[in-house]
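S.K.: Okay, here's what each chain looks like letter by letter:
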Amino acid sequence: MTTERYDRAPGDRSLLADEEEATSSGLLIYSIGMVLAVVLTAASFWVANTPLLWAPGIPLGLAVLAIAQMGVHVVFFLHITTGPDNTNNVLALAFGVLIVLLVIAGSLVIMANLNGSMMPPAELMDMQMKY
Amino acid sequence: MNVTVAIDAGETPPSASEAGPAPKRIVVAYGFWIFLLSDIVMFSALFAAYTVLRHATAGGPTGAELFNQGRVAIETACLLASSYTCGLMTLAVNSRRRLGTYVGALLTFALGAAFLTLEIREFADMIAQGASPQRSAFLSAFFTLVGCHGLHVAAGLIWLVVMMAQVATKGFRAPVLRRLQCFSLFWHALDIIWVGLFTVVYLMGVAS
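Chains as they are written, first to last, in this note's numbering: chain H, 1 to 131; chain F, 1 to 208.
Take these hints with a grain of salt, some might be off.
Stretches of chain H that chain F covers, calculated by requiring three or more beta carbons in the stretch to come under 8 Å of a beta carbon on chain F [what the hints assert, rightly or not]: (1) 42-54; (2) 66-75; (3) 95-101; (4) 107-115.
Treat the hints as calculated values from the structure; they're not laboratory data.
Even glycine gets a Cβ: it sits at the ideal position worked out from N, Cα and C.
Throw the hints in and build the complete structure from the sequences for me.
M.R.: Pasting the structure below:
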């Protein structure tokens with residue numbers, strides 16, 4: 001066998017997925033991921049609707065739950081690990097995440113700045129004229 | 001396990017450059033992984049547009065008035081379950097069980113189609129209420145973002161049907177296996193995008 005040093009294909013649990021993957025352990029991994037995802041989804045819907053939590057903190061809580069669930073999907077459904085045979089997949093993923101963060105955070109910051117320096121609405125302008 | 005065998009035998013395993021190019025299965029899946037990441041980058045632009053335009057309703061209906069959380073919860077459950085059955089299909093493919101593959105594909109298709117039906121009905125209801133994409137910047141961004149995800153799901157369903165036809169006629173040949181592998185990556189990635197989507201669009205839209 002000369003395949004030890006190859007990177008693993010994304011989505012495969014082992015290099016020799018074809019021959020060696022045991023179905024029972026694969027089923028267990030998918031099931032753990034499913035249970036975690038269901039719990040996190042239910043928590044998201046609960047957080048969005050409950051009156052018990054401090055309202056301004058809810059969007060942040062939802063974001064944390066969503067990122068956690070994306071992590072669960074990546075680990076348990078796409079089988080991305082930190083192992084040495086996964087370096088290429090993880091690096092590509094990290095670059096994708098970097099671009100996604102730049103696009104979303106950058107757009108939000110720029111547009112908030114633009115909105116902040118827009119002309120105030122008419123009533124406000126009138127007040128400034130009067131005094 | 002193979003590494004230990006090689007070390008026991010007293011020979012170091014060849015490095016990747018000595019071993020030659022990686023098998024096609026790895027190269028193809030890695031290329032598809034890059035495509036999926038670029039697709040996610042495209043979605044991030046749509047997400048950014050939606051978040052910026054969220055309050056630009058131009059006097060029209062807001063998200064809190066339009067969105068039905070019960071329906072979104074069912075859609076989410078459908079897509080999550082279809083991701084799970086897609087994983088089961090992958091296991092059946094890897095152990096070359098034809099019946100398991102068909103059953104997994106059938107469940108995946110049914111759940112994905114249920115998701116798509118609910119989403120199309122939601123769009124039709126919104127347009128019937130006068131909340132069409134032309135109404136406000138918020139609704140344009142909403143239909144672009146959610147509709148783009150829906151288009152991906154529709155494409156995935158067609159792809160799944162084509163793959164089952166290939167399994168039926170060609171069997172588990174290497175090219176068919178590679179395509180099945182890419183399909184499962186695609187389907188799981190769609191579910192990841194939906195996680196961001198229901199959080200940002202529906203839950204945050206109702207909460208704030």
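S.K.: Hint by hint, say whether it matches the structure.
M.R.: Hint-by-hint comparison with the structure:
Check result for the stretch 42-54 of chain H against chain F: holds, 5 residues qualifying (beta carbon to beta carbon below 8 Å, three or more required). Judged by the Cβ-Cβ criterion of 8 Å, the stretch 66-75 of chain H is covered by chain F as claimed, because 5 of its residues qualify and three suffice. Counting residues of the stretch 95-101 of chain H whose C-beta sits closer than 8 Å to any C-beta of chain F gives 4, which meets the bar of three, so the coverage hint holds. Figure legend: the stretch 107-115 of chain H, annotated as covered by chain F; annotation consistent (3 residues with Cβ-Cβ distances under 8 Å, at least 3 required).
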